[in-house]
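Student: Sequence:
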Amino acid sequence: MNVLLVNDDPLELEQLKLLIQSVCPHWHLFAVCDGSAAMDLTATTYFDIAFLNINLPAQSDLLVAGKLRQSGRVTDIVIVTAHQDFSIARAAIKIGAVDFLIKPISVDELNAILRRYLQKEVPRPVYSPLITKVLTILEHHYADRLSLANIAAAVHVNPSYLSRRFKAEVGYSFSKYLISFRLKIVKDLLVSRPDLSIAQIAEKAGFASQQYLSALFHRNTGLTPREYRKNNLDFRRSSGNLLIACGRRHGPDCFPDDNRR
Numbered sequence: 001m002n003v004l005l006v007n008d009d010p011l012e013l014e015q016l017k018l019l020i021q022s023v024c025p026h027w028h029l030f031a032v033c034d035g036s037a038a039m040d041l042t043a044t045t046y047f048d049i050a051f052l053n054i055n056l057p058a059q060s061d062l063l064v065a066g067k068l069r070q071s072g073r074v075t076d077i078v079i080v081t082a083h084q085d086f087s088i089a090r091a092a093i094k095i096g097a098v099d100f101l102i103k104p105i106s107v108d109e110l111n112a113i114l115r116r117y118l119q120k121e122v123p124r125p126v127y128s129p130l131i132t133k134v135l136t137i138l139e140h141h142y143a144d145r146l147s148l149a150n151i152a153a154a155v156h157v158n159p160s161y162l163s164r165r166f167k168a169e170v171g172y173s174f175s176k177y178l179i180s181f182r183l184k185i186v187k188d189l190l191v192s193r194p195d196l197s198i199a200q201i202a203e204k205a206g207f208a209s210q211q212y213l214s215a216l217f218h219r220n221t222g223l224t225p226r227e228y229r230k231n232n233l234d235f236r237r238s239s240g241n242l243l244i245a246c247g248r249r250h251g252p253d254c255f256p257d258d259n260r261r
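For what it's worth, full-length UniProt numbering labels the leading residue of the sequence shown as 1, then goes sequentially.
Treat the hints with care, since some could be wrong.
[To be verified] Computed list of lysine-lysine pairs in DSS-like fashion (alpha-carbon distance at most 27 Å, straight line):
hint : residue 1 : residue 2
1    : Lys17     : Lys67
2    : Lys230    : Lys184
3    : Lys204    : Lys176
4    : Lys67     : Lys94
5    : Lys204    : Lys184
6    : Lys103    : Lys67
7    : Lys67     : Lys120
8    : Lys120    : Lys184
9    : Lys167    : Lys120
10   : Lys17     : Lys184
These are computed hints drawn from the structure, not numbers from a lab.
Computed from a predicted model, the values in this text were never measured in an experiment.
Work out the full structure, taking the sequences as your base and the hints as a guide.
Tutor: Below is the structure:
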């Protein structure tokens with residue numbers, strides 16, 4: 001689940017982030033300090049929930065909330081405010097806010113909201129012991145020279161049989177899943193390890209060459225690895241280093257644009 005946090009106070013932003021992470025550690029949290037940055041994020045990302053503080057610089061809180069709703073990129077908006085004013089509540093309801101949190105935020109009230117969304121989540125898939133073992137191998141050895149054949153040998157099954165079982169249970173071919181998983185590793189390293197070169201990252205993620213990685217990465221994101229790194233590092237600096245990406249196990253979300261095979 002993608003969650004947008006918008007607040008011009010970095011301390012409050014960090015506190016809300018930590019409260020949500022303590023209950024929903026697998027959610028993807030994106031934290032920004034102003035409305036324009038929030039609108040920029042919605043250009044590339046859909047959000048299930050936006051927690052929007054009403055005291056925003058440059059644009060009024062309700063104007064930002066209205067724009068987020070009109071964009072079609074945010075499903076639900078929760079207003080966070082220190083003002084217990086009925087006119088604010090009425091205006092928030094008018095633009096489609098689904099809930100209110102009064103500051104200082106009550107942990108019980110926040111958790112009640114979070115639980116509603118947790119109940120809506122699709123349960124994580126339960127894989128067979130065979131596929132669970134294969135996924136574990138991929139997660140621990142993605143940097144190695146992996147192939148369907150050597151994975152099949154490691155789990156003592158026929159490659160054709162493993163290919164069919166993997167596609168049936170995971171929903172993606174073995175090769176597509178492996179590429180996607182490695183690309184997610186690359187994205188993490190590009191931002192978390194600015195000291196590494198693109199060639200070093202390619203090697204750490206299991207790609208045969210920097211050129212091959214760059215071609216796949218551009219096909220997937222429309223950016224070169226260097227452009228992706230620069231954009232994300234610039235954003236993190238401008239937003240107080242509060243852009244959070246949580247979780248990466250079992251469920252790739254960065255498959256190349258072509259159809260599943």
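Student: Each hint needs a verdict: does it hold in this structure or not?
Tutor: Here's how the hints hold up against the structure:
no. : hint               : in the structure
1   : Lys17 with Lys67   : 23 Å, holds
2   : Lys230 with Lys184 : 17 Å, holds
3   : Lys204 with Lys176 : 18 Å, holds
4   : Lys67 with Lys94   : 13 Å, holds
5   : Lys204 with Lys184 : 12 Å, holds
6   : Lys103 with Lys67  : 23 Å, holds
7   : Lys67 with Lys120  : 25 Å, holds
8   : Lys120 with Lys184 : 25 Å, holds
9   : Lys167 with Lys120 : 26 Å, holds
10  : Lys17 with Lys184  : 22 Å, holds
When the structure is compared with the earlier hints, no violation turns up for any of them.
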